[in-house]
Amino acid sequence: MDILTWTYIIVGLTFALYIGIAIKTRASSTKEFYIAGGGVSPLANGIATAADWMSAASFISMAGLISFMGYDGSVYLMGWTGGYVLLALLLAPYLRKFGKYTVPDFVGDRYYSQTARLVAVVAAIFISFTYVAGQMRGVGIVFSRFLEVDINTGVIIGMIIVVFYAVLGGMKGITYTQVAQYCVLIFAYMVPAIFISLQLTGNPIPQLGFGGTLNDGTYLLDKVDGLLTELGFIAYTSGSKGMLDMFFITAALMVGTAGLPHVIVRFFTVPKVKDARKSAGYALLFIAILYTTAPAVGVFGIYNMITNINGQKIESLPTWVQNWQKTGLITIEDKNQDGMILYQKDKVKNELTIDKDIMVLANPEIAGLPNWVVALVAAGGLAAALSTAAGLLLVISTAISRDLLKNALAPNISEKSELLYARMAAIFAVVVAGYFGVNPPGFVAEVVAFAFGLAAASFFPIIIMGIFSKRMNKEGAIAGMIIGLIFTLGYLIYFKFMNPELNNKDHWWFGISPEGIGTLGMILNFVVSIIISKFTPPPPKHIQDLVEEIRIPRGATSAIIH
Amino acid sequence: MNNLKQEDHSRSAYWRANIKILAGLLLIWFISSFLLGIVFVKELNQFRMGGFKIGFWFAQQGSIYVFLLIIFYYVWRMNKLDKEFDVDE
Numbered sequence: 001m002d003i004l005t006w007t008y009i010i011v012g013l014t015f016a017l018y019i020g021i022a023i024k025t026r027a028s029s030t031k032e033f034y035i036a037g038g039g040v041s042p043l044a045n046g047i048a049t050a051a052d053w054m055s056a057a058s059f060i061s062m063a064g065l066i067s068f069m070g071y072d073g074s075v076y077l078m079g080w081t082g083g084y085v086l087l088a089l090l091l092a093p094y095l096r097k098f099g100k101y102t103v104p105d106f107v108g109d110r111y112y113s114q115t116a117r118l119v120a121v122v123a124a125i126f127i128s129f130t131y132v133a134g135q136m137r138g139v140g141i142v143f144s145r146f147l148e149v150d151i152n153t154g155v156i157i158g159m160i161i162v163v164f165y166a167v168l169g170g171m172k173g174i175t176y177t178q179v180a181q182y183c184v185l186i187f188a189y190m191v192p193a194i195f196i197s198l199q200l201t202g203n204p205i206p207q208l209g210f211g212g213t214l215n216d217g218t219y220l221l222d223k224v225d226g227l228l229t230e231l232g233f234i235a236y237t238s239g240s241k242g243m244l245d246m247f248f249i250t251a252a253l254m255v256g257t258a259g260l261p262h263v264i265v266r267f268f269t270v271p272k273v274k275d276a277r278k279s280a281g282y283a284l285l286f287i288a289i290l291y292t293t294a295p296a297v298g299v300f301g302i303y304n305m306i307t308n309i310n311g312q313k314i315e316s317l318p319t320w321v322q323n324w325q326k327t328g329l330i331t332i333e334d335k336n337q338d339g340m341i342l343y344q345k346d347k348v349k350n351e352l353t354i355d356k357d358i359m360v361l362a363n364p365e366i367a368g369l370p371n372w373v374v375a376l377v378a379a380g381g382l383a384a385a386l387s388t389a390a391g392l393l394l395v396i397s398t399a400i401s402r403d404l405l406k407n408a409l410a411p412n413i414s415e416k417s418e419l420l421y422a423r424m425a426a427i428f429a430v431v432v433a434g435y436f437g438v439n440p441p442g443f444v445a446e447v448v449a450f451a452f453g454l455a456a457a458s459f460f461p462i463i464i465m466g467i468f469s470k471r472m473n474k475e476g477a478i479a480g481m482i483i484g485l486i487f488t489l490g491y492l493i494y495f496k497f498m499n500p501e502l503n504n505k506d507h508w509w510f511g512i513s514p515e516g517i518g519t520l521g522m523i524l525n526f527v528v529s530i531i532i533s534k535f536t537p538p539p540p541k542h543i544q545d546l547v548e549e550i551r552i553p554r555g556a557t558s559a560i561i562h
Numbered sequence: 001m002n003n004l005k006q007e008d009h010s011r012s013a014y015w016r017a018n019i020k021i022l023a024g025l026l027l028i029w030f031i032s033s034f035l036l037g038i039v040f041v042k043e044l045n046q047f048r049m050g051g052f053k054i055g056f057w058f059a060q061q062g063s064i065y066v067f068l069l070i071i072f073y074y075v076w077r078m079n080k081l082d083k084e085f086d087v088d089e
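Just so you know, the protein sequences line up as chains W and X, in that order.
So the first sequence is numbered by this note's numbering: it starts at 1 and just counts up by one.
So the second sequence is numbered by this note's numbering: it starts at 1 and just counts up by one.
This is chain W alone, in the form it adopts within the complex (with noise of 0.2 Å):
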């Protein structure tokens, strides 16, 4: 069967079995479609929460990220690892035994004051509509690279999909469904990189073959260096950013990982704080099957474009190379027309230009695998992406019909026709990520990077210092949220749409670029706060008693029946 036949039918099962999995576990109270009914396993909170997290972007984009910034591309791996680590320890087992729904809902109670709680909302629909827009866009494009779909078709149908299931289904359908869909996207990914990996280094464990040696007994990471330094490139394992940027960004994703609310409205799932914490841990292990296979695709990648392409004949290409210059993603120029590809960091004489995306998609076929691997990859992609969008929009569905009706604009609603609400509120917010998808503003791209700046100035500080000091007050924790946004927001706005001409590490504050200005935010949110609370009353009572009880784990059971 060829290809397309394939994509099909495997795409087409999966998508049934999310439907299948969403009718089987539909909502049927406000819990439930929050949070899950508080009853998901910590093993299957930490699937979906790895499907949660990986988006369109890692599956499809990161490795072939990786292979072009080499070295520098590790801050994307620490960053987006590392901030585990923090969820885990500082904030899960705490937010679980405080036992509401949503982030908003701890900020405002915390923080006795309804400022704080409308500052949150803000930011959590303003950082989850950024995210969710490119996601929509990379169903689409996923669709139309295997389905050969127009682009705009393509979001349609994601969008008809992630409102079946998202709508019907809350909290509770998007969990079990994530959870199929990592099994999709995990397959799909491990198949080609363990084939390439064999085929190279005759390591079948990429992550080992990625530090083993080739045919000819050299190094394959020596080979690279060696290979990318001779066309004009620095090294592999050499970057060019300077450390206080790595620095800043690394610690800017990891932060921000920590405080996007739709990874931490998953550990409101778990029944238990214990279940948190290992939750957290299962995680981070599933996201990490992937993460430490990318950087090695990026270096099997790389090495394939440069000695299956340069220094070759246009007419003796190889097959693959040929398939994907007509989807343009490979383009190759003669410029001097002698009949060979040369691959130069040279601009004016490079005659070969690759597209990230297609370390990933190329895969199976430099592998020579069957036809229906290739597919597979498509219905991972398509995993990966729906996953994503579907946890996003049920944040912000949430911050709709519980943070601002519920909580704030209309108290006394039952609980019947808040969840009503909660459900229109979730096709909004699809039918407003499928415009973005449609018409993607210019700087979605740019945009996404944006939302861990701002997760990571805003929410992370406040819910730590909520949890961590009792002395923190209202006045200082909405004073650094503020100021922390503020700062964050001004520098992106300044150097991305302002003065993009003005940026470089010239004009960087002390050579910090605006995707590791979120931490400058952070620090900055931190001060702020302190200073302020130290100059207004503490909080009363009954919220350092609240703080008191959220630090111990016993009761968390009985905490969120109110």
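Since the hints were made in silico from the structure, they are not lab data.
Treat the numbers as computed from the prediction; the structure is a model and nothing was measured.
Heads up, some of the hints might be wrong.
[To be verified] Taking lysine-lysine pairs in the DSS-like style, the calculated list, with each CA pair at most 27 Å apart, reads:
#: 1; chain 1: W; residue 1: 470; chain 2: X; residue 2: 83
#: 2; chain 1: X; residue 1: 80; chain 2: W; residue 2: 470
#: 3; chain 1: W; residue 1: 534; chain 2: X; residue 2: 20
#: 4; chain 1: X; residue 1: 80; chain 2: W; residue 2: 274
#: 5; chain 1: X; residue 1: 42; chain 2: W; residue 2: 470
Based on the hints, put chain X in the right spot on chain W.
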């Protein structure tokens, strides 16, 4: 009254023990990523482990393995601590 005071006392002892565990683990977290993978990467890259330069390996592999060990150790240690202070669920 006495009982309540005792409970307060044991609660703050539990919290102090918890902070101590956290501080140690976060120090390891910081060393394995920020120090070994970023600040001292050049120095460490002079040493090798098979095909890997050590600094590069920490930045792209080792730090992630250390993160995993940190969390699972923390889970085990906290379960023990919860029992010791009789605050487990």
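Quick rundown of the hints versus the structure:
1. W:470 - X:83: holds (25 Å)
2. X:80 - W:470: holds (25 Å)
3. W:534 - X:20: Cα-Cα ~25 Å, so holds.
4. X:80 - W:274: holds (11 Å)
5. X:42 - W:470: Violated, at about 42 Å.
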